[in-house]
Structure formats: C-alpha cells, structure tokens
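Peer 1: The chain contents come next:
2 protein chains.
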Amino acid sequence: MIEVSPIAIVGTGLLGGSIGLGLRAVGYAGTIIGVGRRQSTLDKALSHGCVDEVSLDLADAVGRSRLVILATPLGRFAPLLEQIAASDHEQLVVTDVGSTKARVMADARRLLPQPRRFVGSHPMAGSERHGPEHAEADLFDHRPCIVVAEQDTDAPAIEMVSQLWSTLGMRVLRMTAEEHDRKVAAISHLPHALAVLLVELAEEAEALGVASSGFADTTRIAASDPDVWADIFIHNPGGVVEAIDGYMDRLHRFRDVVASGQRERIIDVLARAKHVRDGWASQNP
Amino acid sequence: MIEVSPIAIVGTGLLGGSIGLGLRAVGYAGTIIGVGRRQSTLDKALSHGCVDEVSLDLADAVGRSRLVILATPLGRFAPLLEQIAASDHEQLVVTDVGSTKARVMADARRLLPQPRRFVGSHPMAGSERHGPEHAEADLFDHRPCIVVAEQDTDAPAIEMVSQLWSTLGMRVLRMTAEEHDRKVAAISHLPHALAVLLVELAEEAEALGVASSGFADTTRIAASDPDVWADIFIHNPGGVVEAIDGYMDRLHRFRDVVASGQRERIIDVLARAKHVRDGWASQNP
Chain A
0 MIEVSPIAIV
10 GTGLLGGSIG
20 LGLRAVGYAG
30 TIIGVGRRQS
40 TLDKALSHGC
50 VDEVSLDLAD
60 AVGRSRLVIL
70 ATPLGRFAPL
80 LEQIAASDHE
90 QLVVTDVGST
100 KARVMADARR
110 LLPQPRRFVG
120 SHPMAGSERH
130 GPEHAEADLF
140 DHRPCIVVAE
150 QDTDAPAIEM
160 VSQLWSTLGM
170 RVLRMTAEEH
180 DRKVAAISHL
190 PHALAVLLVE
200 LAEEAEALGV
210 ASSGFADTTR
220 IAASDPDVWA
230 DIFIHNPGGV
240 VEAIDGYMDR
250 LHRFRDVVAS
260 GQRERIIDVL
270 ARAKHVRDGW
280 ASQNP
Chain B
0 MIEVSPIAIV
10 GTGLLGGSIG
20 LGLRAVGYAG
30 TIIGVGRRQS
40 TLDKALSHGC
50 VDEVSLDLAD
60 AVGRSRLVIL
70 ATPLGRFAPL
80 LEQIAASDHE
90 QLVVTDVGST
100 KARVMADARR
110 LLPQPRRFVG
120 SHPMAGSERH
130 GPEHAEADLF
140 DHRPCIVVAE
150 QDTDAPAIEM
160 VSQLWSTLGM
170 RVLRMTAEEH
180 DRKVAAISHL
190 PHALAVLLVE
200 LAEEAEALGV
210 ASSGFADTTR
220 IAASDPDVWA
230 DIFIHNPGGV
240 VEAIDGYMDR
250 LHRFRDVVAS
260 GQRERIIDVL
270 ARAKHVRDGW
280 ASQNP
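Chains A and B, in that order, are what the protein sequence lines are.
Just so you know, the first sequence maps onto residues 0 to 284 in numbering that gives the first Met the number 0.
Just so you know, the second sequence maps onto residues 0 to 284 in numbering that gives the first Met the number 0.
Keep in mind that the hints were calculated from the coordinates and are not lab data.
Heads up, a few of these hints could be off.
What the hints assert, rightly or not - A few chain A positions that, by computed beta-carbon distances, are all more than 12 Å from chain B:
| no. | residue |
| --- | --- |
| 1 | Y27 |
| 2 | L45 |
| 3 | A77 |
| 4 | D244 |
| 5 | R249 |
Said to hold, decoys possible - Taking beta-carbon pairs under 8 Å as the criterion, some of the chain A residues facing chain B (in silico):
| no. | residue |
| --- | --- |
| 6 | M0 |
| 7 | V3 |
| 8 | R23 |
| 9 | A24 |
| 10 | V25 |
| 11 | G26 |
| 12 | A28 |
| 13 | G29 |
| 14 | R109 |
| 15 | S187 |
| 16 | P190 |
| 17 | A192 |
| 18 | L207 |
| 19 | I243 |
These numbers come from a predicted model, not from an experiment.
Just so you know, even glycine gets a beta-carbon here, dropped at the ideal spot from N, CA and C.
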C-alpha cells in the first residue's frame, strides 16, 4: 500500500480519475489532489469521488505534493514538466501514464532539474471513452504496468512509483524505454492503426450495414480520442513504422497462403494463432 | 412469426443451437429437430433446450421437415446437400448459415434437384466459442442477416427464410452472392486475418506480457475454430485477396503518414475513422 501524501494527479480524465477511485477503493488514507485547466472537469472528478480536492494551480499542488502523476495526453507533458521544474523540491517524485516512453524520458531529463526523481510509467489499461465520469476503480486491476527508469534514477523513487501501481492491483514490469516503445507498438499502437484503417476500408466497401459483433470488437479502439492518439504516433514513429513493416510482410504472406487455396497452410496459420491467443487469455482473464 | 413445422437444424453448435433457443424464446410453436453426426452434441443441444428432438438420420429428418437449416461448418455443405437431394420433396425449403455465399449458391444449384427452393443466408452473429452449451437465445437479435437468392428462386421460399430471420429479431438484407462475399470479406474475413496476424506479430515481438484490454478486443476472434475459418478462406479467396490488397495500400499510406510526423495528417485519418465508427455504433448498439 502506497502511503506518501499528498498525491497530485494532473489531468483527471478516465485514467487520472480511475487512479483516484482505485486508490480510494483499496483504502489509501492520504490526500489526492486533482489538478487541471478546466474547472468543469475538476468538478466532475470531485463529484465522482475521484479526488479529495482540486486545483487549477499546478505550482501550488506540486509544491505541496510528494508524488505527481501526469495523466494528460502526451502532447501536454513537455509544458507541464517545465512548470513542475519551477516548483521542484527534494521530496518530490514525478511519474506519468504516457503510452510512449523514449521521448517522455528524454523530455524529463532535459526539462527537470532533478530527473533522477522522474520515473516513467505506462499502466496498460484504458478505454475508448474519456472523462472522469467513465473512471473505474478497478480499471488497472490485474493489468500489466511498465515502469521505466534510467541507470541513475533514485531507487526510492522507483520504489514509490512501483508501489503506486501495485497498490492498484497492477503487475509491475521493468524495461528500458526502447524496449517499451517497441513492444507496445506491437500490441497497442499497431492494433490501433489496424482498427482505424479497417473502419476506413469497411466504409469505402459500403459494408458497414452488414457489420456485426466481430467488427465491433476489432474496431472498438478506433473510437478513441484522435488527439490523444495523434500524440502517441508522433511520439513513437520508429516503433510504429517497424511494427507496420513487420506486419505488412505477414499480411503479404497470408495473402499468398489464401490465394494458394491450400487448406493445410491456412490451418497452420490459424491454429498457431489460436494456440497463442488461448494461452495469453488464460493468463489474462 | 415463422409457422412452418418441423424445422430441421443440421449442426447444433453455437449457431444452430442459438437458432433453436431463439425460436423457442419468441414463442415458435412448431417442432425443432436437431440433426447431427455425434449423439453427444445432440444430447447437449437437447438438454440445453435448443431442440425438441434429435436425429442422426438426416434423410428421415429432411423427409419430415418443411425447412432445413444447414448450420455446420462450410466444408460439410456439399456432402450434406447431396444427402438432402436424395430426400428432397415438394414442401421442402433449404437454407444455410454459411459465411460465404457464391460457392454455396453454386453448390446448391449443382447438387439439389430443385435449387429454386434453396435460399442462402448469412446471419451476422457469432462468437469465438462453440458448442450448444454456449448457444444464446438473443444471439441474432438486432443483427443484420444477409439473404441471397437467384433470379429463379421461388418467392415463397425467400419469404419463408426471411421470416425465419426476422422472427429471431434480425434485420434482413437482400444482396447478390458476389456483393455478399465482397462486403463480408471487408468486415469479417479480413478482420479475422488481421487479428490472427496480430497475435503472430505480438508473440514474435515477445510483447504478449504487456498486452491488455485493447489487445484482447482486437484479437478475440483469433481464438475461433481454425477448421471453420479455413473453410471460409477456402470458399472466398477472391473477396479476401481483394480486401487484403486494398488494406495493404491503406497500411502503406498510413505508414508514410506516421513517418512524416505531420500531426494534421495523422489527426485527419484518426478523426475520420472515429466519426464513421461512432456513427456505426450509434446504429448498432
């Protein structure tokens, strides 16, 4: 159980709001400060019980807090880190929930006076919805959270941030920023692109009228916030392009397997994927 | 409400079983005969209330029935149509639930003595699970069902089959077999291939350990029965290859948009897809 207090959550949308609700649900006894730019969003977060108090004044909240969590879209991180730098103090640890890590770590190193107290995080949980009204106390429960630190990152800072996520029920995994960006491109950024392009193709084929539950599942993430996802693609072009290239090779091969009409070759591909997917699902209920 | 009786369902798995449960749920008063090759599956269908009686004897069931629904995997259709041909009678209408239509219609024309009483169907509903124990009475409710007939198909047969699906709550759409195979490739067969290849890529990238709910959604259909889907790819190579080719063009373009790092171009693609997906979802709750 994490005990430091107060914790400031900058950005009280779906993710930030769910962190607050989740901490409260497991009995966190400290103070949670919601920080944002819009009073209306903060009021919603407060009325949904996501935070204890709200503030439009980032400098004040940072000055009073032990842990600051950046939970805004990635595109806001750099200006926020600059503001946090101006209110930095020796007791402060900063983390984030961003979906890319190499550029976030580089920004923290460049912009913070003590980047040794910055630890990158990527809790692997989310939804195509947004806003504190969709926050859920168990959003993070049983999901993986990737924690990224540099060689010289303070050990107590890593410990505090890891404890935050394990308090929320997450399985904490340590890796480098580069490993994160490559792996997450494969299981999140590429799938997002695939869903978006599938919607595009279905519309041009005038096939939306016959689409059903399978299409709903495979394209659900295409309903996500375009601004949030544009930031992600901007932040991880290398990982995404590498994943797309690898995927196009596979798609080309599968095209030829289908064109061959050889049942055994088709079965091989499908059975292998089912085996892997079933194994994954049994460990990620 | 469909009133003809008995109705024979050949193949009492998830789809066949759900047809029986659904008919019963909306008050169908006739007799439902479950036909299969394995007594154990038939017994499960009977004990789950999917059918009124069961039979291992297709010829006998066809001889007594007014409507026969083929609900086995596609690969079984040709031998079943041959057997049905031997027991054909003037009161008989035959339909199916197959995921491809051009080859099914051609098989029916070739194998049945009176193909004018065969109407192709594709109820757009399903699940990655199988077996009558996973059948659901409302599986078809509010989903689209594509009905395919030839120029010379008997009008009363088309009417009977359309009524079957509307009795189950489906939105019946008429189209040609070619139009079906092209559109369904875009919204079902291609998405299936994409999900399968995504699982393959994620495994090779050693990224399954960080995969979460988004990955679960986009790859759920990859857990489907490989035999069933091999038949589908074998039956619709033209539609699938055309869809893959169109998709690869889009993927290549998107790769270049990401590599360009131009935020406006990325936003354009994402916002357009969200708009279309949201519109579709609002009409397909």
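Peer 1: Each of the hints needs a verdict: does it hold here or not?
Peer 2: For each hint, the structure was consulted:
For Y27(A), the condition that its CB be more than 12 Å from all CB atoms of chain B holds, with the nearest at approximately 23 Å. Distance to chain B confirms L45(A) as a non-interface residue, since its nearest Cβ pair spans about 27 Å, more than 12 Å. The claim that A77(A) is not at the interface with chain B holds, since no C-beta of that chain comes within 12 Å of its own (minimum 14 Å). Look at D244(A): its CB is around 7 Å from the nearest CB on chain B, not clear of 12 Å, so calling it non-interface is violated.
Annotated as non-interface, R249(A) brings its C-beta within 12 Å of a C-beta of chain B; the closest such distance is 5 Å. Hint status for M0(A): violated, given a least beta-carbon distance of 23 Å to chain B, over 8 Å. Annotation: V3(A) was flagged as interfacial toward chain B, and the flag is violated, the nearest CB pair being 26 Å apart, outside 8 Å. Using the Cβ-Cβ criterion of 8 Å, the hint placing R23(A) at the interface with chain B is not satisfied: the shortest such distance is roughly 22 Å.
Restraint check, A24(A) versus chain B: the minimum CB separation of about 18 Å is more than 8 Å; hint violated. The beta carbon of V25(A) comes no nearer than 20 Å to any beta carbon in chain B, farther than 8 Å, and the hint placing it at the interface is violated. Given the 8 Å rule on beta carbons, the hint for G26(A) is violated: about 25 Å separates it from the nearest Cβ of chain B. Of the supplied interface hints, the one on A28(A) is violated, with its beta-carbon coming no nearer than about 29 Å to a beta-carbon of chain B, more than 8 Å.
Nearest Cβ of chain B to the Cβ of G29(A): about 27 Å, over the 8 Å cut. The hint is violated. Against a cut-off of 8 Å between C-beta atoms, the interface hint on R109(A) is violated, since the closest Cβ of chain B lies about 19 Å away. Using the Cβ-Cβ criterion of 8 Å, the hint placing S187(A) at the interface with chain B is satisfied: the shortest such distance is roughly 6 Å. Look at P190(A): its Cβ gets to within about 4 Å of chain B, closer than 8 Å, so that hint holds up.
Using the Cβ-Cβ criterion of 8 Å, the hint placing A192(A) at the interface with chain B is satisfied: the shortest such distance is roughly 6 Å. At a threshold of 8 Å, the smallest CB-CB gap from L207(A) to chain B is about 5 Å, leaving the interface hint in force. The criterion of a C-beta within 8 Å of any C-beta in chain B is met by I243(A), whose closest approach is roughly 4 Å, and the hint holds.
Comparing the model with each earlier hint shows violations of hints 4, 5, 6, 7, 8, 9, 10, 11, 12, 13 and 14; every other hint is respected.
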